[in-house]
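Chains as they are written, first to last, in numbering that gives the first Met the number 0: chain A, 0 to 303; chain B, 0 to 303; chain C, 0 to 303; chain D, 0 to 303.
Quick caveat, the hints were computed from the structure, so don't treat them as lab data. Some hints here could point you the wrong way.
The list cannot tell twin chains apart, which means a pair is met if one copy fits it or any two copies do.
[What the hints assert, rightly or not] Keeping only pairs whose Cα atoms sit at most 25 Å apart, straight-line, the calculated DMTMM-like set for lysine to aspartate or glutamate is:
(1) Lys-281 <-> Glu-258
(2) Lys-241 <-> Glu-179
(3) Lys-152 <-> Glu-179
(4) Lys-113 <-> Asp-24
(5) Lys-171 <-> Asp-51
(6) Lys-281 <-> Glu-58
(7) Lys-23 <-> Glu-10
(8) Lys-281 <-> Glu-251
Protein chains: 4
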Amino acid sequence: MDEGSSLRYIESQSASIHYLYGVKDVIFLGRSTFQEVEILRLGDFGLTLFLDRKIQSAEVDEFIYHEALVHPAMVSHPDPRKVLILGGGEGATLREVLRHNTVDRAVMVDIDEKLVGLCREHLPSWSNGAFDHPKTELVFCDARDYVQGAEEKFDVIISDLTEPVHGGPSTKLFTKEFFEMISRALEDDGIFVLQAGSVDPVWLRFFSDVCATLGETFPIVRPLQVFILSFQMPWGLLMTSKSGDPRELTDEGIAHILEDRGIGLLRYYQPSLHTSLFGTPKYLDEAIARGEVLTDAQPYILDA
Amino acid sequence: MDEGSSLRYIESQSASIHYLYGVKDVIFLGRSTFQEVEILRLGDFGLTLFLDRKIQSAEVDEFIYHEALVHPAMVSHPDPRKVLILGGGEGATLREVLRHNTVDRAVMVDIDEKLVGLCREHLPSWSNGAFDHPKTELVFCDARDYVQGAEEKFDVIISDLTEPVHGGPSTKLFTKEFFEMISRALEDDGIFVLQAGSVDPVWLRFFSDVCATLGETFPIVRPLQVFILSFQMPWGLLMTSKSGDPRELTDEGIAHILEDRGIGLLRYYQPSLHTSLFGTPKYLDEAIARGEVLTDAQPYILDA
Amino acid sequence: MDEGSSLRYIESQSASIHYLYGVKDVIFLGRSTFQEVEILRLGDFGLTLFLDRKIQSAEVDEFIYHEALVHPAMVSHPDPRKVLILGGGEGATLREVLRHNTVDRAVMVDIDEKLVGLCREHLPSWSNGAFDHPKTELVFCDARDYVQGAEEKFDVIISDLTEPVHGGPSTKLFTKEFFEMISRALEDDGIFVLQAGSVDPVWLRFFSDVCATLGETFPIVRPLQVFILSFQMPWGLLMTSKSGDPRELTDEGIAHILEDRGIGLLRYYQPSLHTSLFGTPKYLDEAIARGEVLTDAQPYILDA
Amino acid sequence: MDEGSSLRYIESQSASIHYLYGVKDVIFLGRSTFQEVEILRLGDFGLTLFLDRKIQSAEVDEFIYHEALVHPAMVSHPDPRKVLILGGGEGATLREVLRHNTVDRAVMVDIDEKLVGLCREHLPSWSNGAFDHPKTELVFCDARDYVQGAEEKFDVIISDLTEPVHGGPSTKLFTKEFFEMISRALEDDGIFVLQAGSVDPVWLRFFSDVCATLGETFPIVRPLQVFILSFQMPWGLLMTSKSGDPRELTDEGIAHILEDRGIGLLRYYQPSLHTSLFGTPKYLDEAIARGEVLTDAQPYILDA
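Let the sequences and hints guide you as you build the complete structure.
Below, the structure written as structure tokens:
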């Protein structure tokens, strides 16, 4: 099928805004226990994973999302040995973590074993062998159960969870109570980073509320902004720290770290970009100031 | 008509990627001498201007585009008195320029008088009176003719022209020959900034080529990246200078400038954001390094 | 705007089937007290009226619908002098009725005065002066109230009402109780014809139930089938009679009637077509046999 | 995937009219030597075959198309023993032909062996064993070559070929020269029937020209009209005869034939429907009168 194929995928951002993608090939359509899973080859975007009809990552720019989620956090820790990943079923977050040769244990906890199997089979370049890496431990359970029961502490924790768009299972993974569990599972010099939804001027309540909620637990909370073409909007990450400020690394410092850790070639992240990621538009600062603390009793309810 | 209206607008980014917008009201459908003009009220985006079926600016986030285009350039000049705007038919670039009280002459040159009239009538908050400001001179002619014939020199020149997506009239407004005319019309400490298309990882050849082309004329060329929701992709600006580096302003310095010039409330731009705008992802630097110089003989031909 | 315009209208037939029309011009978007009214100029279809987001009639083929609704019924009556039209806001049913020079009184009852005004203004060729014809009486009220209170009897009654797709105001205009009122308002040799929805093999429950319901009141009930391009599906009419069978007219008999009544040029209906309209596919006969009687207590509830 | 799935298929009728179908499952996407072949399971329509992005037949109503194409022609011949089918790759035309127990030889000629294999595998209820029937001969070659080289004569010939929408291989299967070959391959009391495109008031030039062209060769040419929901428009067949008029069968005569031949249960065709199929609207008769003869030198060129 050429680019002008008649098969299309419609992704709905809201009642008014829809994206219509040309589908070149249908790889998988189905469900796991937890969500609808669709893997398609789209024009321009290449292989693309949809969960519950929202794009998760696309071949063309998954490197942007995963490098932005992982490397700023990892370089902000002086010696990340133990890393915990929550979610991240495609395996690409794990792949980027393992590029840091300081790591000697990477635990990835995803609730959806079927999804991980589908990604391993159909999106092999996302994990690129990471699932079978000797330093990897793969755990299939609810992230909250895992963190609550964890007896070890981690240097870096990365939350790569879908936002609770339909009040689904991740609702209680963005609350004060959960972030306190995260804090207990984190070393004193630990870094916690999470993907936190869009930071565009229309739909930024989720990001703002999560930011406010993190502020209840962590002394340092820094918003980051990254643009992922296949998400069609500016995307927000939040990085927290119990001690140092991740924004204050120098270009030279980062260059040394990347070299020392044997990172190899990157495609998105580079030392000169680091500080820029922390720049925020005024409207975002104002929205953050209005953010409300999310709790188990009053979690995020989609305002769409 | 409520959000779920049945009237839609389809914008095509490529053969594979289309945006489908809910239309709440149709304000104007027609043509000027130069282009198709459509003004619609869309769900989420509000009043929106399309030229030749590409979104130009939307009520919801035109402030981002126009603040990003104008203020970083204006604060990079110590005393901008004479400002030239090329294109910018909506009047919002002019509106932002006039907020700097140093300005005593703002010339806006747009080829499309009918478009300017339509924007003045149907999108009044874009220009917000700027067309009638005593410091404004409005000229309706081809930007190249104007620059070539200009006998005065400007402190800041802002190019707010549509990229030559269909080989149209702006083709020769992005070439080495034109940029040399710009240079001659610019004071020695002048700043030239232009909007230069998308900087996403798929469609960045135009930006890269324009960047390379500017490098033939200007000693300092800086890419900037800004996120505009209604453009669905990261957007690139290019700022050039004959002398100082606009990236090196301090937060405090900018805060003073904004205060001295009586700018008032901004919604997007703020001192702490300035340097971040200049941060570039590695893939963009690599693309820029491959950019080819555009000339009148070999201008940009859309690679879509 | 040329045919390839970017403005579209989406009509939803079901959750799975949608029609996407190119919009060349937007004439009116709004609401009356009773329904959403949209008048657009579409590619291929020309001027088109939508009520509650369903196509009602289009310039390109309204002649088919209105000739099929009116003339088979009118020629089935030997001398139609008094005609009652229920609904038919565009005025085209009235226009066709008035072509029979036997008519000396044509009453049109539509609940929606605003809609009639919009059609008169924006779709003038539909009514073509019929609203101002001296034989016309235009009444704005609920059809049921009118029929219930009518003190005169009619030779032909034509129901040109929208089917109750959303449980709206026409729900009780397709019940046994209402059809008995119709019967009382009809002369003994009177003809009652109504548009009754699609007769395609998927969505034919409404037609079947209305057919069964009419059978409770009228000794002769005949289904007709007509093809209206802009409806995208085969359309069903139901003609009832208290005495003669409208299917048994001869071609020659119809030709004489049309000539005697000075009908003039027709575009769809002709004598040789008359009997064919009554031919029904086997699946439709089987569905009709399963039809259930609709009552005020148990009216039609959309099964979509 | 439920009805509200996000996967869609867009079929374009013209620049202005598009159908958007919900896709429940993707069975096959690919090409044969001759055409693009897509087999999908759509909401409401069920399993559906697209050739070159035009719907060919759908599970929900293929019975209408195939019964209408086959039975009126077969009953119009007193004793159809040898039947030739041109095209008809799905096998459903063959299936219906074999229901007449008079047949002792059914030859089906289709150029596209791969398509026939795909239909046999993925659409088994269409052929329902007909490809393996002892009376069937399956020939894979160009229909024109076959007819030109045929040494036997047939009682009934059925053309189930796609119209030459893009000037493709069927162009010379709708010309005077080809119809003369057909005539030579037909017994003196033979019947030739063909599907001949839409008979809606916008796109009826193809039908009209084919009708005019048949008139050059056959003394009796009769248009038929049938509505197939999944084609979205009224569909036209043309039946020709060298001697008797197929329109003049009586209901009783047809009932006897169907019983004698052991046809069994039908879903669309029935004796009382036969004559109705030949009823034509006036606009169609007028278009037919303007039809132009198609020849090998001047074949049909799509007027879309």
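These are the hints, each one checked on the structure:
Taking identical chains as interchangeable, the C-alpha atoms of Lys-281 and Glu-258 lie at most 25 Å apart only when they sit on different chains, with a minimum of 16 Å there against 35 Å within one chain. When the C-alpha separation of Lys-241 and Glu-179 is checked against a cutoff of 25 Å, the pair qualifies only within one copy, where the shortest distance is 12 Å, while the shortest distance between copies is 53 Å. Proximity of Lys-152 and Glu-179 under a CA criterion of 25 Å is satisfied intra-copy only: 13 Å inside one chain copy versus 60 Å between copies. When the C-alpha separation of Lys-113 and Asp-24 is checked against a cutoff of 25 Å, the pair qualifies both within a copy, at 21 Å, and between copies, at 20 Å.
Proximity of Lys-171 to Asp-51 under the C-alpha cut-off of 25 Å is restricted to the intra-copy arrangement: shortest distance 18 Å within a copy versus 41 Å between copies. For the identical chains of this complex, Lys-281 and Glu-58 are inter-copy neighbours only, at 17 Å across copies versus 32 Å inside a copy, given an alpha-carbon limit of 25 Å. In this assembly of identical chains, Lys-23 and Glu-10 lie within 25 Å of each other by CA distance both inside one copy and across copies; the values are 16 Å within and 16 Å between. Taking the closest pair of Cα atoms, Lys-281 and Glu-251 come within 25 Å of each other only across two copies (16 Å); inside a single copy the shortest separation is 29 Å, beyond that limit.
The structure meets every hint from the earlier list without exception.
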